[in-house]
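Asks: What follows is each chain in one-letter form.
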Amino acid sequence: MDKPTLLLLILVLTTAGYYFGRKRSLDIVSGKVQELHSLPSYYGYYLAMWVGVPTLLLLLIWLGFEGAVLSRLVVADLPGELQGDSGERAALLINEIRNTMAGAGSGSGDPSIQAAANHYRHLQAVSDWLLSLGVIALAALGGWFGHRQIEVEQRARNKVEKGTMVFLIACSTIAIFTTVGIVLSVVFESVLFFQKVPVTDFLFGLRWSPQMAIRADQVGSSGAFGAVPLFTGTLLISFIAMVVAVPIGLMSAIYLAEYASPRVRTVAKPLLEILAGVPTVVYGFFAALTVAPYIRDLGQSLGLDVSSESALAAGLVMGVMIIPFVSSLSDDFINAVPQSLRDGAYALGATQSETIRQVIIPAALPGIVGGILLAVSRAIGETMIVVMAAGLSANLTANPLAAVTTVTTQIVTLLVGDQEFDSPKTLAAFALGLVLFLVTLMLNIAALMIVRKYREQYE
Amino acid sequence: MNSLLELKTAMRDERTEVKPAKRLGTNVSFDRDYGDTVGEVTASNARMVCRDVNVFYGPKQAIHGVNLDIGRNEVIALIGPSGCGKSTFIRCLNRMNDTIVGCRVTGSIQLDGQDIYDPQMDVVPLRAQIGMVFQKPNPFPKSIYENVAYGPRIHGLTQNKAELEEVVENSLRRAGLWDEVKDSLDQPGTSLSGGQQQRLCIARTIAVNPEVILMDEPCSALDPIATARIEQLIDELRMQFTIAIVTHSMQQAARVSQRTAYFHLGKLIEVGETAQVFTNPRHQLTEDYITGRFG
Amino acid sequence: MNSASSSRPITPGETLAKVKAGLPRRRAAERRFRAYGLAAIVGGLVVLAILLLDILFKGHSAFWQTRIELDVFVDPAMVAASSDERTRLMEADYSGMIRQGLGKLFPEVTERGRKRSLGALLSGGAPYELRDRVVADPALIGQTIPIWVTASPDVDMFEKGQLGAPDTDSFRLKSDQIEWLARLKQEHRLEKRFNTQFFSAGDSREPEQSGIWGAAVGSFFTLLVTLSLSLPMGIAAAIYLEEFAPRNRWTDVIEVNINNLAAVPSIVFGLLGLAVFINFFQLPRSSPLVGGLVLTLMTLPVIIIAGRSALKAVPPSIREAALGVGASSMQTVLHHVLPLALPGMLTGGIIGMARALGESAPLLMIGMVAFIVDVPGSVMDPATVLPVQIYLWADSPERAFVERTSAAILVLLAFLILMNGLAVYLRRRFERRW
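Sequence lines, in order, name chains L, S and R. For the first sequence, the numbering used here begins at 1 and goes up steadily by one. For the second sequence, the numbering used here begins at 1 and goes up steadily by one. For the third sequence, the numbering used here begins at 1 and goes up steadily by one.
Isolated chain L, as found in the complex (with noise of 0.2 Å):
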């Protein structure tokens, strides 16, 4: 059976549990439900839990592992001259034989690949067999158990409302995992990065050329991976971003909570938020195909010279990108800071704007530093309107009218396409992720303790 069937099976199958155990309840008390410790539907989730949880726990596993184990199995079998001795060439390999089982046909030249794909084809019918067998086992295994265990003084409904709670905790432990996963996964490989290219090197060298070390077997010209270029890069284009996006993202959002009037704000805020629920993707479209070539005519009428992938295009946009995130954040510092405090400015005859310039910013500094924190982080990360707008050639300028590439961008492009794990130019985006990920985290921590900090002033 595959998968998806047995999932299906699984279903059926717990609840087929639920009823029997139900029924087994109401046997035992011959009807007479207020004998039974819980009510009879918690007895049916009782053995329902030990038929689904054990199976679907077994289905997981097997997911996970069945690809590596299966991989392992087949390359280990291969002859000799086709094995090699790097992980990177089995990976290769694998690819190929899996191409050629999907028919692809890409690799099926080779009479030994060929043979390849059918071992692998018979090993996953083998573990797709032996899947199936492990499952209806184990649902048996733990319907009996369940089933013996109901009995009249069974306290059924404390032991599913346990099980629930292990679901409820596990489920909000994954948010751990998944940061433990992320650092693993881009420490992991950028310890192997740094063992190639000195840590020092990449993180001053001025000089970002990765396609030239994977031609050359000599790694060790390291000044091809000197990220300073990226680093200046991504922050030029976020800061015209945010020289957009401040400004116009605080303005707005002052007026909209001080001057607007409610019908104003109702129409006005959420046609702002539209430009938040736009895809990057369009925006990365529209800074290529509109605001770039734009900008370099207007350039060029006025006699300047404008890279067609110039940072400006896509600072610009990504600046548009992140104004009404700005100003919601904004917003809400805004109206959060009390009202006492502009009655007490207006009583003094202050007028308005000099009471929001003069009180309510100064009481709302704090969450709207935190706010343009979390913009900034964002603006570092955004990944596609600069892969589609801005350029690849790793210059080393503050010109806005250059073309600079980021931290991000070049992740993209190193990783896009095909790849061998080992080499240094993969390693190298998730070096650069590292970086990413940990500047990102300390901008959010920073700006999480700052809004914390501000929102209990307050309260």
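Quick caveat, the hints were computed from the structure, so don't treat them as lab data. Be a bit skeptical, because a hint or two may be false.
[What the hints assert, rightly or not] A few chain R residues facing chain S, derived, Cβ under 7 Å:
{"id": "1", "residue": "T15"}
{"id": "2", "residue": "K18"}
{"id": "3", "residue": "K20"}
C-beta: ideal position from N, C-alpha, C; glycine also.
Since chain L is already given, all that's left is putting chains S and R on it; use the hints.
Replies: Here is chains S and R on its own, set in the frame of chain L:
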């Protein structure tokens, strides 16, 4: 005995209605019709004159036809049970109600003969003339010095730094706060105790040199010692300013004011000399309130 | 009052005069400030309008496709001789038949080079359209049938007026081709018709044969995985953290984690997916399963945060009432609190799904950028999704892909508006004030 009982039941029935059923005094003079209000609505030396003031929140009417004068260099106390409209009324006097969406004021309120609800009237100089102190101390999130200097600064009242410093010092002195804060002027205003904060707010108000100061239950958030300090301050300030104070404490009204106005369900029931209102109320509702039958 | 004597007394009149002197300047500052605010809002809205109009303007034409009507004789001689009926029909020389049909319309074109330019008026996919007709109805063999076939992208662009000026590089039609087109038009054999292929085809290297159906199905499978994982897990996590979790260091760590994950760049999730799901667990590359898993991890924080605020909005009196009649705390939450919070949670879920639908960066990392022609049949098949399809098309040099890209964006935006509209509706419909 019988008649007395009848009278008491009658009185009890009247309690919910607002009408001048019982006029005790003989020296009441009604030269004009000031609605149902009992007592001397007018003041001989009036600084503010309110005539037929109605306030609406949306469709709901909060103040019904109030007529009241506020005399020069007097402290007038506005008392009454919660929700009687005394705070709403005092916020009309410097147009603080403008900031509330859906609030509408009709009638006329004049300051020195000028209608403050005139469309030509600018609220900025108006509020410079009529300052306000609020129920909860609301110092700005700035230093003590900046809090007091804020008003003179925005209005351009001083020419230079030295003058401004003098104004700040004087205001703090007159608010009785100088000795406590003179060494910590750069500390945030929020670091002070509640009573100190409220005196800081008073200093902030008098730094603009207003003519009238409105106080909306200025002591309700304070402990008795701080309250006593503020009451003493109000008494001192009376020399220079006209003060209207809303209070829920009758004792406070009796201690600090010369005149007292009693509000009930959005209507002004009785106005008079404070001593007279408390010892010899002329309206049944006033008597019921000050004797503690409700409120 | 002890030191009041030291200062020069200022009369209220003086104060008023000073205040009034400063008024014009302050009023002007007020007006300026207000104007800045208004300008910011108007500016934001104008940019939004430009963005949407630009895409609408570029994309609306893709919903129409230029087609040319030919009278094609399905020549039995050109149908291959094969024992297998299906192979026979599939491998017939349909290009030849199309060429003949086109030749019949322009008998005067005989020279080889000109014949080639005539053929270039039609899409390379035209023979397949004929094939599909014949395969569906083999009785057509031996008959002459009128058939509308797709025109080439250059013709399509020309008809839509998007080919640029006649003397530029992008203008690839010759003058005789333009003449022929005019003649076809006169004979009512050239028309712009609703582009059904755009909605039913998968990706293709040829713009006129490409469609969004493959990407749409890929998006559907991906979101199916995301929804069926993130919604139950998000709700469960929200319930635990809001209703049961003790306040201690551990739950603090979880909370900080969730808040931080909500702000981690999406591409980092892509790196996680690549390293863990593809390299470690060896799940199939480019599959909606992996895409869905990555997006699940990405949307989970959003759903948890929304779920918690929905639970927070349920007043404690409900819990007290349920506990008061002897329900266990789990029963209280599952029977009483959760149903009340569910609309809010679903709203959060839909908004999370809308975000996932528009997300592309992490999916690039796990190989969903591959060029995939076939429409995926399950969550394990290689697939792409709508936003990534947009990215791929936006990168294509062909001019005709610009309108396709914009049209795909319009479709994507339509879905997003639908989902957000549903969220707003749910919120309005079930919103309760306690």
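Asks: Now, for every hint given, state plainly whether the structure supports it.
Replies: Results of checking the hints against the structure:
| no. | hint | in the structure |
| --- | --- | --- |
| 1 | T15 | holds (4 Å) |
| 2 | K18 | holds (5 Å) |
| 3 | K20 | holds (6 Å) |
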